[in-house]
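2 protein chains.
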Amino acid sequence: MTTGTGTTTAQLIDKHRPTLDRALEAIRTREFWTPHPEHPKAYGEGAAEEGKAAFDALRGGRFELPGQPVSGAWVATEVSPYGLEMDISYPRTDEGAIDALLPVMRGGLPAWRKAGPEGRAAVCLEILARISARTHEFAQAVMHTSGQASMMAFQAGGPHAQDRGMEAVAYAYAEQVRTPERADWEKPQGKREPLRVVKEFTAVGRGIALLIGCNTFPTWNGFPGFFASLATGNAVLVKPHPRAVLPLALTVRIAREVLIEAGFAADLVALAAEAEGDGIAKDLATRPEVRVIDYTGSSAFGEWLETNARQARVHTEKAGVNTVVIDSTDDYAGMLANLAFSLSLYSGQMCTTPQNLLIPAAGISTESGHKGYDEVVADLGAAVGKLLGDDARANALLGALVNEQVRGRVETASALGEVALPSRVVEHPEFPGATVRTPVIVKLDGTKQEEDAPYLEECFGPVSFAVAVGSTEEALELLGHTLLARGAMTVSAYTTSPEVARQVEEVCFSEPAQLSLNLTGGVYVNQTAGFSDFHGSGGNPAANCTLCDGDFVSGRFRVVEVRRMAQ
Amino acid sequence: MTTGTGTTTAQLIDKHRPTLDRALEAIRTREFWTPHPEHPKAYGEGAAEEGKAAFDALRGGRFELPGQPVSGAWVATEVSPYGLEMDISYPRTDEGAIDALLPVMRGGLPAWRKAGPEGRAAVCLEILARISARTHEFAQAVMHTSGQASMMAFQAGGPHAQDRGMEAVAYAYAEQVRTPERADWEKPQGKREPLRVVKEFTAVGRGIALLIGCNTFPTWNGFPGFFASLATGNAVLVKPHPRAVLPLALTVRIAREVLIEAGFAADLVALAAEAEGDGIAKDLATRPEVRVIDYTGSSAFGEWLETNARQARVHTEKAGVNTVVIDSTDDYAGMLANLAFSLSLYSGQMCTTPQNLLIPAAGISTESGHKGYDEVVADLGAAVGKLLGDDARANALLGALVNEQVRGRVETASALGEVALPSRVVEHPEFPGATVRTPVIVKLDGTKQEEDAPYLEECFGPVSFAVAVGSTEEALELLGHTLLARGAMTVSAYTTSPEVARQVEEVCFSEPAQLSLNLTGGVYVNQTAGFSDFHGSGGNPAANCTLCDGDFVSGRFRVVEVRRMAQ
Numbered sequence: 001m002t003t004g005t006g007t008t009t010a011q012l013i014d015k016h017r018p019t020l021d022r023a024l025e026a027i028r029t030r031e032f033w034t035p036h037p038e039h040p041k042a043y044g045e046g047a048a049e050e051g052k053a054a055f056d057a058l059r060g061g062r063f064e065l066p067g068q069p070v071s072g073a074w075v076a077t078e079v080s081p082y083g084l085e086m087d088i089s090y091p092r093t094d095e096g097a098i099d100a101l102l103p104v105m106r107g108g109l110p111a112w113r114k115a116g117p118e119g120r121a122a123v124c125l126e127i128l129a130r131i132s133a134r135t136h137e138f139a140q141a142v143m144h145t146s147g148q149a150s151m152m153a154f155q156a157g158g159p160h161a162q163d164r165g166m167e168a169v170a171y172a173y174a175e176q177v178r179t180p181e182r183a184d185w186e187k188p189q190g191k192r193e194p195l196r197v198v199k200e201f202t203a204v205g206r207g208i209a210l211l212i213g214c215n216t217f218p219t220w221n222g223f224p225g226f227f228a229s230l231a232t233g234n235a236v237l238v239k240p241h242p243r244a245v246l247p248l249a250l251t252v253r254i255a256r257e258v259l260i261e262a263g264f265a266a267d268l269v270a271l272a273a274e275a276e277g278d279g280i281a282k283d284l285a286t287r288p289e290v291r292v293i294d295y296t297g298s299s300a301f302g303e304w305l306e307t308n309a310r311q312a313r314v315h316t317e318k319a320g321v322n323t324v325v326i327d328s329t330d331d332y333a334g335m336l337a338n339l340a341f342s343l344s345l346y347s348g349q350m351c352t353t354p355q356n357l358l359i360p361a362a363g364i365s366t367e368s369g370h371k372g373y374d375e376v377v378a379d380l381g382a383a384v385g386k387l388l389g390d391d392a393r394a395n396a397l398l399g400a401l402v403n404e405q406v407r408g409r410v411e412t413a414s415a416l417g418e419v420a421l422p423s424r425v426v427e428h429p430e431f432p433g434a435t436v437r438t439p440v441i442v443k444l445d446g447t448k449q450e451e452d453a454p455y456l457e458e459c460f461g462p463v464s465f466a467v468a469v470g471s472t473e474e475a476l477e478l479l480g481h482t483l484l485a486r487g488a489m490t491v492s493a494y495t496t497s498p499e500v501a502r503q504v505e506e507v508c509f510s511e512p513a514q515l516s517l518n519l520t521g522g523v524y525v526n527q528t529a530g531f532s533d534f535h536g537s538g539g540n541p542a543a544n545c546t547l548c549d550g551d552f553v554s555g556r557f558r559v560v561e562v563r564r565m566a567q
Numbered sequence: 001m002t003t004g005t006g007t008t009t010a011q012l013i014d015k016h017r018p019t020l021d022r023a024l025e026a027i028r029t030r031e032f033w034t035p036h037p038e039h040p041k042a043y044g045e046g047a048a049e050e051g052k053a054a055f056d057a058l059r060g061g062r063f064e065l066p067g068q069p070v071s072g073a074w075v076a077t078e079v080s081p082y083g084l085e086m087d088i089s090y091p092r093t094d095e096g097a098i099d100a101l102l103p104v105m106r107g108g109l110p111a112w113r114k115a116g117p118e119g120r121a122a123v124c125l126e127i128l129a130r131i132s133a134r135t136h137e138f139a140q141a142v143m144h145t146s147g148q149a150s151m152m153a154f155q156a157g158g159p160h161a162q163d164r165g166m167e168a169v170a171y172a173y174a175e176q177v178r179t180p181e182r183a184d185w186e187k188p189q190g191k192r193e194p195l196r197v198v199k200e201f202t203a204v205g206r207g208i209a210l211l212i213g214c215n216t217f218p219t220w221n222g223f224p225g226f227f228a229s230l231a232t233g234n235a236v237l238v239k240p241h242p243r244a245v246l247p248l249a250l251t252v253r254i255a256r257e258v259l260i261e262a263g264f265a266a267d268l269v270a271l272a273a274e275a276e277g278d279g280i281a282k283d284l285a286t287r288p289e290v291r292v293i294d295y296t297g298s299s300a301f302g303e304w305l306e307t308n309a310r311q312a313r314v315h316t317e318k319a320g321v322n323t324v325v326i327d328s329t330d331d332y333a334g335m336l337a338n339l340a341f342s343l344s345l346y347s348g349q350m351c352t353t354p355q356n357l358l359i360p361a362a363g364i365s366t367e368s369g370h371k372g373y374d375e376v377v378a379d380l381g382a383a384v385g386k387l388l389g390d391d392a393r394a395n396a397l398l399g400a401l402v403n404e405q406v407r408g409r410v411e412t413a414s415a416l417g418e419v420a421l422p423s424r425v426v427e428h429p430e431f432p433g434a435t436v437r438t439p440v441i442v443k444l445d446g447t448k449q450e451e452d453a454p455y456l457e458e459c460f461g462p463v464s465f466a467v468a469v470g471s472t473e474e475a476l477e478l479l480g481h482t483l484l485a486r487g488a489m490t491v492s493a494y495t496t497s498p499e500v501a502r503q504v505e506e507v508c509f510s511e512p513a514q515l516s517l518n519l520t521g522g523v524y525v526n527q528t529a530g531f532s533d534f535h536g537s538g539g540n541p542a543a544n545c546t547l548c549d550g551d552f553v554s555g556r557f558r559v560v561e562v563r564r565m566a567q
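Going down the list, the protein sequences come from chains A and B. All letters in the first sequence, in the order written, are residues 1 to 567 by full-length UniProt numbering. All letters in the second sequence, in the order written, are residues 1 to 567 by full-length UniProt numbering.
The reader is advised that the hints may include incorrect statements.
Same chains, same names: a pair is fine if it fits in one copy or spans any two.
Simulated pairs of lysine-lysine, PhoX-like, Cα-Cα distance not exceeding 20 Å [claimed, not checked]: (1) Lys187 x Lys282; (2) Lys443 x Lys371; (3) Lys282 x Lys443; (4) Lys282 x Lys15; (5) Lys41 x Lys52; (6) Lys41 x Lys191; (7) Lys443 x Lys15.
Hints listed in this document are in silico derivations from the structure and should not be mistaken for laboratory results. Since the model is a prediction, treat every value here as computed from it, not as a measurement.
Chain A on its own, in the form it takes in the complex (with noise of 0.2 Å):
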């Protein structure tokens, strides 16, 4: 596969094969790895600058695709958290585009085909690496679509979500391989010659895969099922969340010229871009040439999907109800600093924050002696204003809120119950057009097991529920009914009784829930690091799939024998 200027294949699977073999071993020992530094100033004398220069120079211009078949029409829906001027316009992609693009990308798939498991994984390296050398400006798109914080926005946006591409390049890669190219196949009869059949083996995409993209975390949520689908052999139609289209965008644009330079046609990724309101993802879920769908966003439309897009494999990543189960500790201090952390990262606005916050209305036991409910809730309150208190860590923790939908519920959460911890609001001494809050916790009684319950709904945002249980016992109840019903992404819980530890494992493993235990230094409930911790179960409510495994990968191909009679 070569063309007269571009890099061939092999020479991308030369430069790239050592690093997929290392990922390979690490989503083997899940040990930590990455080849993504963390830390910003590991990308170069100036990089930060040229990032931010190069995400300046896309504002307030045309976004092109070249190559892409387009409607003509442009749309520019970016709206900063943080008041920064966007507008960025991209091709609208409507129901004519759509129509004439879906056969145009089928197109590549053969050549696509034929460059085999190793041919795509080293050609998604490629982009990835691309991605990761263009890691400020992407830490720029992120931070003014999603309101993330600049460092979060750096390290979520760029390393952790590189990290999570080439985790999900690596499972493709082993999954498609675990059936040989080839078997020699010879069935002894006896006396009479044996049968000898010749089978081939192709692993071969499913077709066109659409990612619909979050607001949230564009990169994080959107690389996995991205770098799935193109390394499994389909062409990716990328549908960004309406106010967070450029670090897709950019992806795209990166993959195209990529896929060019390596001989395969750049339309095997493609953008399609709406305005708000537009609706498309529900025509293009549905249209019969998209077989495969990552999603992340509210769980009323990944129902809708997983009810309507029958002709597709449909991963969805929805709302969950995360919980904290907090019996006893013998660092009182350390779980109350991490709670607090977890609570006020990025405003509490990760579909990992903690909401329910489990605690017995008779109180927990404590190294330094027994605390009531109360008590616990207030010390709570006092670590989040302690963490917060400095404006400057604060605007650093919080981001901006990413939507009037969340503001909304951080100004009316007062009317849920009792307010431990009320919100304040924090200016930002560089973009005063952000809306920064500190998180609220609220106080719910939970002994009286009420269906409509606000702890029971997802709510998403700086909010947090304080909910008084009859005990420890009556805490695991309600963790096994809020999985059962709505599941979580994370359920995290203190307590200094290997019994309790037990029991709560126990629920876990009933209705599937990632668990983490006594968290109280630098590692936090709501953070997962790729090649190493699973994101999510994939076994309750809250997603039907897990970042990364190998279900993850296994139903975005088929693998086709051809067999003949050996000659």
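Given chain A, work out where chain B should sit, using these hints.
Frame of chain A, contents of chain B only:
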């Protein structure tokens, strides 16, 4: 995991680990391997008589399942296609019995989870070993429920089905151990102490798996899902087809015996028998406790399950339209003999039997010159006639028609087009009540491309269509259209042209389907071998999964991670 008198899981692991390792190697190389002999005599002196006697002892009696919660009512629904009196009664599962059964089944899950992937695999292999030892009894059970001829019931219902079951155990084991049980994660923090987290990973079943059995291949189509679900930590509820209960009831009873002996709850495996028309499958399939479903049968109910059983991972094998493209051959007699056998085996009642033979109206080239369409069809008819001319051989190949619907299709086939080969009634010397029919071949004009043409629908049974097409190119177009609209479990092609072979492959890559090229000897398109051939592709409407691959097992369990700060 021990009981006073039982076998420990450790002993079962010692016993079966070498077989598991060999099976793991087989699915990696996909070379020929089977631990289950095909020849009836390999099962020992007197085994056939003992198996027959055991089967006869079951007839006319109640099939007890000691310990399983039951309703108290009994139901006898089986009718041997050979006319043999069955009259075996099974516990009838009504709604009350289901309500009682499901919680009891779930009760066994925690201990089953703790057995771990290796322990569960060993228990599954012990169940298979005991089934294997009773292969002759299973052969009788399969013969007198499916109507398969004696030798086929023995081989397909016995060793081949056991191969498919073991293959599923191997995939299930491999999938679960891809993630280590533990990882010590250590993330450098510059000059500070590294972050250290201990992560434990546990494979947990989804809950209760439902197996909905079919009439024609109760074990061969049932064992993969049964063992895949059990080996991944689920409880398995078996809902057999009312007319093919015994093979799966025996399986359930053997599994319960092994589970008890190994110290697990017998109700991890249970039987749900019903009267024809009870329709409990719909009720069971949508119970919240049911998280995995395996189904083989009609497209209508398969699609119902996919649409409605949203709480479960649904694996379906439905109906397709299997196609043979006949372009040219250098072994005309070999081609005809091979096709004649494939059309005749089990009276075409296999989901893999070819239905549409696409033949250019202008004829084909062969090593003995050009053959016109009429000549090819006539010669194929003659080959079938020759193969089945002897009644003893006809009975040995055809078996009996499984039900009245199939007989109806044979008898009304002449209404669809010109009959090239009429069906013949064959008397069965041992079972005069058996309905035995030779295949009918109907000529159809495929050049008009009518959307309601008979060849665009599955016509299950010994009815095939010799479809005249304008050219090989048109045949490939029709193949592609058929794969997209109806799907296929098998595609076959005869051609001496490498270019045509490549084009057929391309069609099968584009809408994934399994392809056999130029089969002329003792390998037939309707047969697939465990550990080597994929059964179906899972990528077209005929089935959403394949036997067997990683995707067939990966959704049956989740990996739950429990992480703690390292001490």
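How the hints compare with the structure:
no. : hint            : in the structure
1   : Lys187 x Lys282 : neither (50 Å within a copy, 42 Å between copies)
2   : Lys443 x Lys371 : within (16 Å within a copy, 86 Å between copies)
3   : Lys282 x Lys443 : neither (39 Å within a copy, 43 Å between copies)
4   : Lys282 x Lys15  : neither (40 Å within a copy, 54 Å between copies)
5   : Lys41 x Lys52   : within (14 Å within a copy, 78 Å between copies)
6   : Lys41 x Lys191  : between (72 Å within a copy, 16 Å between copies)
7   : Lys443 x Lys15  : neither (56 Å within a copy, 57 Å between copies)
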